[in-house]
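Asker: Chains A and B are the protein sequences, given in the same order. This note's numbering applies: residue 1 is where the first sequence begins, and numbers increase by one. This note's numbering applies: residue 112 is where the second sequence begins, and numbers increase by one.
Everything labelled a hint here was simulated from the structure, so no lab data went into it. Be aware that one or more of the hints could be misleading.
[Stated by the list, open to error] Per the computed footprint, the stretches of chain A lying under chain B, defined by three or more beta-carbons under 8 Å from a beta-carbon of chain B, are:
id	region
1	37-43
2	65-78
[Claimed, not checked] Under the rule of at most 25 Å between Cα atoms (straight-line distance), these lysine-lysine pairs were calculated in the DSS-like manner:
id	chain 1	residue 1	chain 2	residue 2
3	B	K168	A	K103
4	B	K168	A	K3
5	A	K3	A	K52
Beta carbons: idealized from backbone N, C-alpha and C, even for Gly.
Residue strings, one per chain:
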Amino acid sequence: DAKTTQPPSMDCAEGRAANLPCNHSTISGNEYVYWYRQIHSQGPQYIIHGLKNNETNEMASLIITEDRKSSTLILPHATLRDTAVYYCIVRVASGYSTLTFGKGTMLLVSP
Amino acid sequence: KAGVTQTPRYLIKTRGQQVTLSCSPISGHRSVSWYQQTPGQGLQFLFEYFSETQRNKGNFPGRFSGRQFSNSRSEMNVSTLELGDSALYLCASSLTGNGETQYFGPGTRLLVL
């Protein structure tokens, strides 16, 4: 699976959009981009995933660049409860593939 | 639909003891994966089970083992506990493990004294 690069930390004001970047320059054509988050000492929570088209669900939006070498997770109106470590993971679309977690981005949402 | 459940949530053991952790996957999910999370090593893959068979294994010593039952529930066992085994143990389930999204449970926090 391709490796990902994320900033170690980001800050966001409550109510503003949080834009979390991820670089995955060696991604292959059959690899998805997944986002999970982990609130302190809890299990990782699935947020969203995509292959090449932009995706949106009730939690977030995922924007993938046309060359697929980077992506951005957008939380449109961040709340204090969105404070967590956010992981960007690349994994193949078929066959068993373990989730390889990096260090992620620690997002701190402040009042 | 209920999520992934793990029991117990917290556990304290002493060195040399053994421990068994349990994971019940989301109803209908047949693949269960186990991960260990420590401050130093982050989240690391232990093993994956599907249809009562271990299909994939991470780079952990043989003291770490697991099994899966016919109802897809899974257990993992750690024998001869060491201080370094103190960690958050997470399990995740997916339908068949064939590229689908994995959903995590809340984890079991193990402290080895």
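Asker: With a cut-off of 25 Å on the C-alpha distance, tell me whether K168 (chain B) and K103 (chain A) pass.
Answerer: Measuring from Cα to Cα gives roughly 22 Å; hence the hint holds.
Asker: Are the Cα positions of K168 (chain B) and K3 (chain A) separated by 25 Å at most?
Answerer: holds (20 Å)
Asker: Under 8 Å between beta-carbons, do enough residues of the region 37-43 of chain A, three at least, approach chain B for the coverage claim to hold?
Answerer: Since 3 is at least three, the answer is holds.
Asker: Holds or violated: K3 (chain A) with K52 (chain A), Cα cutoff 25 Å?
Answerer: holds (17 Å)
Asker: At a Cβ distance under 8 Å, does chain B reach at least three residues of the region 65-78 of chain A?
Answerer: This one is violated; 0 residues, fewer than the three required, reach chain B with a Cβ under 8 Å.
Checked against the numbered hints above, the structure breaks only hint 2 and satisfies the rest.
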